[in-house]
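Colleague: If you want the building blocks of each chain, they are given just below.
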Amino acid sequence: MAQRRFLAFLILAVGAALGWYVYHAQITASKPFKLGLDLSGGTQLVYRADTSALQGGDVASSMEALRDTIERRVNLFGVAEPIVQTETAGALAGASEERLIVELPGVTDTQKAIELIGQTPVLEFRLLKEGATIPIDNSTTSLNAAFEVAAITGKNLKSAELQFQSGAGMASESVVVINFDGEGTELFADLTRDNVGRNFGIFLDGVPISVPVIREAIPNGTAVISGNFSPDLAKELARNLNYGALPVPIELISTQTVSGTLGEKAVRDGIMAGFWGVIAVALFMLIWYRLPGFIAALALSLYIVVNLILFLYIPVTLTAAGIAAFILSIGMAVDANILIFERTREELAGGKNAQDAIRDGFSRAWLSIRDSNISSMITAVILFMFGTSLIKGFALVFGIGVLVSMLTAITVSRTFLLALGLDAKTGLSRFFLSSGFFSGSTKN
Amino acid sequence: MFIIKNRNIFFVLTSLVVAAAIASIAVFGLHPSIDFTGGTLAQVTYTEGRPNPEALQASLDAAGFEGYSLREANTSDYILRAQTLTPAQRDSLPNTLSIGGANPATVASLTDIGPTIGVELRNKSILAIALVLLCIMLFIAFAFRKVSKPVTSWIYGSMAIVGLVHNIIITLGFFALLGYLTGAQIDTLFVTAILTVLGFSIHDTIVVFDRVRENLAVNHERNRKEDFAETAGRSLGQTFVRSINTSLTVLITLAILYWIGPESTRDFSLTLLVGIIAGTYSSLFLATPLLVTIEKARGHKK
Chain W
1 MAQRRFLAFL ILAVGAALGW YVYHAQITAS KPFKLGLDLS GGTQLVYRAD
51 TSALQGGDVA SSMEALRDTI ERRVNLFGVA EPIVQTETAG ALAGASEERL
101 IVELPGVTDT QKAIELIGQT PVLEFRLLKE GATIPIDNST TSLNAAFEVA
151 AITGKNLKSA ELQFQSGAGM ASESVVVINF DGEGTELFAD LTRDNVGRNF
201 GIFLDGVPIS VPVIREAIPN GTAVISGNFS PDLAKELARN LNYGALPVPI
251 ELISTQTVSG TLGEKAVRDG IMAGFWGVIA VALFMLIWYR LPGFIAALAL
301 SLYIVVNLIL FLYIPVTLTA AGIAAFILSI GMAVDANILI FERTREELAG
351 GKNAQDAIRD GFSRAWLSIR DSNISSMITA VILFMFGTSL IKGFALVFGI
401 GVLVSMLTAI TVSRTFLLAL GLDAKTGLSR FFLSSGFFSG STKN
Chain E
1 MFIIKNRNIF FVLTSLVVAA AIASIAVFGL HPSIDFTGGT LAQVTYTEGR
51 PNPEALQASL DAAGFEGYSL REANTSDYIL RAQTLTPAQR DSLPNTLSIG
101 GANPATVASL TDIGPTIGVE LRNKSILAIA LVLLCIMLFI AFAFRKVSKP
151 VTSWIYGSMA IVGLVHNIII TLGFFALLGY LTGAQIDTLF VTAILTVLGF
201 SIHDTIVVFD RVRENLAVNH ERNRKEDFAE TAGRSLGQTF VRSINTSLTV
251 LITLAILYWI GPESTRDFSL TLLVGIIAGT YSSLFLATPL LVTIEKARGH
301 KK
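Residue numbers (our numbering), protein chains in the order written: chain W, 1 to 444; chain E, 1 to 302.
In the DSSO-like style, the derived pairs of lysine-lysine whose C-alpha atoms are separated by at most 30 Å in a straight line are:
#1 Lys-225(E) x Lys-352(W)
#2 Lys-124(E) x Lys-34(W)
#3 Lys-31(W) x Lys-392(W)
#4 Lys-158(W) x Lys-129(W)
#5 Lys-124(E) x Lys-392(W)
Some chain E residues well away from chain W (every beta-carbon gap over 10 Å; in silico):
#6 Ala-62
#7 Glu-66
#8 Leu-70
#9 Val-151
#10 Leu-181
For the record, the hints were derived by calculation from the structure and aren't laboratory data. Bear in mind the structure is a predicted one, so any value in this text is a computation, not a measurement. We put the CB at the ideal spot given by N, CA and C, even for glycine.
Just chain W, same shape as in the assembly:
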């Protein structure tokens, strides 16, 4: 008994310490909760990457290069904690496609966000097919018919700079000199060596900017883009290429923007709903189940603290749906307690003493608790597998809630109840252990 009381005390002390820690971390903002875009305000852009020109093996590395490029670009504009990730949409989208997802917290002007990404040029290299002539019109079909994909892509670009070059018959011409990275230098050397005499097309945003003839192998990894640029245009091109040229073209397919004020209000409302939800459930438990109800309320507080700690350290990105899941799970978390208390009450009514009744109540209720939680877990896991980020937020919080509630109900509540060391012989403890609003006697 003393041991059990010590354990109960320990659980309480640890719970209180953790609770204080979470509170302190929020007040001092040393470790704030991660909020989704719908709560923090911001913009999410989803792009489809056109990888049709790439070979299978190149897709993954190109998508990686694409992500890095966009990330660099976004960072350049001083967006705090942007998320740039790639995703492969499977057969469920109708056709497999590569996507790029960009999340920009704090950017609530959709148009500005799109422009920020959109200014990134797409740099491609293609070889003119043998026997083909450079098409006069720049339509995609005639370009695709005349050119073939070269082994080198925009992802091999290291840097670009503006230079002035004396052209034939002109005083000087602005050109952009691009330098390839190590891999690019090798590829470019091979390519130029094997294709001397062919036309090499440098494409920007799908349009050939210049199509020089390869005169000799170029081993030093530089190429010149000359396209009758004005000095200003050449300068801008060099800058944009330096910020990052996209290895594959992208197309915007979905946007979502939530203003900061709307998000703040959602957080405030969510916290208020959570607060009153806990108070209401705790009060209900206290009034109906009395002493065990008080223990359920204690277990509930621990449940909340453990959950919040998990949210901070997994970490879970909280969305409005996630907050809803958490509040819902508070209501469900006491279910295990209710099952146990109802069972304990029955065992008491059957004439057992308090300690045995509590023990048997727990073991009898366990099967029901396990079964019911399995069905909730099934839902949570499937939602997590198939949900959008919004639904994943719900499923993760819900799933964590189900697991933690099982833990707190079967360990914490049990320890507390047994630590009280009640015997149900005296009228008072019988009153405390029974339930209902009016009488101390047990029914049935």
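With chain W held as given, fit chain E onto it using these hints.
Modeller: Coordinates of chain E only, in the frame set by chain W:
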């Protein structure tokens, strides 16, 4: 147990409510949101009073919007539903919504979903619902694999599923009505609510059935002869308070979430509220009484 004794009254009541729900679905229909169809959803807040709908419509028409819908929200907001924006439309959206700057407006939220994402979300939702149903059926089959007398385990399973169908119909019927009243549409959050209701209500039913099973086993052990209706009634009585209390605590939190929680989850909490009431009702007043009716019918045949 009065529920078992008066089960036919409750069956009639249940049938009436289900009929009303089906009528609601048939009359009002269920409208998929842009999550599934692709399109644009924008909430606009007018800082200096919102313009009248005609003026805003004229402005939208001029910007080339077609087949859109406008709905008033809060006191100074409009909610615009339209097809996927063209780049030009997106570019000029602030100008269009503020009617050329005459009515200062801020876009509180803007969601623009392309058709391919819509198709993907729809397929994923269908797959998720199918998987949850399948897993729940497997789970029921597993949970009741050992019961055979006097009703076989597959009848327990079937009745649990009848309860689930009831819950889904009621929730859908309610949502059709809600859609008619407030313009609520079926979105991914709604699908989530339905699946959560499925998970929650099956557990409610299982708790009651578990008790029936346990009491049958005890009767068998002690060689006690008891009518199945008696056993079922007794089991219901023993789990009744638990069922109501568990649902109550969940309903309390959902009601609070509905009243003071974030606006974006309001329809969601309301859907859950209705679904969980239906779920609790069906496990107490539909699934278990049906067991008794079936047992009696089979008994007569023998």
